[in-house]
Amino acid sequence: MKRRWWMAGLALIVLAMLGTGCDVIVGPGTVAGTVRYAKDPTGALDDPQNAGEPAAGVKVLIYGVNLQDISSEGTTVYMANQEPNLELVTDEQGRYTTEIASGHYVVRLAPDPKTYHRLVDVGPWRTSTVDFVIRRPASGTGP
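The numbering of the sequence shown is numbering that gives the first Met the number 0, which starts it at 0 and goes up by one.
Any given hint could turn out to be false.
As the list claims (entries may be wrong) - As a list, the in silico DMTMM-like pairs of lysine to aspartate or glutamate whose alpha-carbon atoms are at most 25 Å apart:
(1) Lys58 - Glu82
(2) Lys113 - Asp39
(3) Lys58 - Glu98
What the hints assert, rightly or not - Each pair of labels, with its calculated beta carbon distance range:
(4) Glu72 - Glu52: 41 to 51 Å
(5) Asn65 - Ala137: 31 to 41 Å
(6) Gly73 - Arg94: 31 to 41 Å
(7) Thr75 - Ala55: 27 to 37 Å
(8) Glu52 - Lys113: 21 to 31 Å
(9) Pro47 - Pro136: 15 to 25 Å
Please keep in mind that the hints were generated in silico from the structure rather than gathered at the bench.
All C-beta atoms, glycine included, are put in the ideal place defined by N, C-alpha and C.
Full structure from sequences and hints, please.
Here's what the structure looks like:
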């Protein structure tokens with residue numbers, strides 16, 4: 000019985016905080032993912048069935064973004080920072096992971112940031128997964 004009253008009290012506090020515009024939960028989140036080479040380089044890169052062997056040594060760049068309304072109709076544009084907040088490199092299994100402040104980010108891969116990029120919302124104490132399927136670079140150019 001005590002637990003129900005405690006939970007009801009907590010729910011009222013949360014509702015009161017939301018009503019006043021306070022952030023209820025703050026804290027870092029995690030961005031993690033796997034980068035794999037496409038089995039079929041002519042196939043769709045957004046098809047998880049096309050994911051082949053891990054892509055080790057790929058540079059992962061994480062940029063903060065700002066949200067901006069650009070019209071009276073509520074169109075929102077995401078503007079990425081010029082410099083990355085973080086730079087990571089995938090491990091031998093093609094994995095990367097980092098803890099980062101909650102917010103909006105763009106994850107880009109150095110082989111071709113215009114092709115390999117995703118917008119991600121990082122929430123407090125949650126893991127946001129951003130996986131990529133990429134084409135193998137031409138021989139002699141490295142990952």
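Evaluation of the provided hints:
{"no.": "1", "hint": "Lys58 - Glu82", "in the structure": "holds (14 Å)"}
{"no.": "2", "hint": "Lys113 - Asp39", "in the structure": "holds (20 Å)"}
{"no.": "3", "hint": "Lys58 - Glu98", "in the structure": "holds (17 Å)"}
{"no.": "4", "hint": "Glu72 - Glu52: 41 to 51 Å", "in the structure": "holds (45 Å)"}
{"no.": "5", "hint": "Asn65 - Ala137: 31 to 41 Å", "in the structure": "holds (35 Å)"}
{"no.": "6", "hint": "Gly73 - Arg94: 31 to 41 Å", "in the structure": "holds (37 Å)"}
{"no.": "7", "hint": "Thr75 - Ala55: 27 to 37 Å", "in the structure": "holds (36 Å)"}
{"no.": "8", "hint": "Glu52 - Lys113: 21 to 31 Å", "in the structure": "holds (24 Å)"}
{"no.": "9", "hint": "Pro47 - Pro136: 15 to 25 Å", "in the structure": "holds (21 Å)"}
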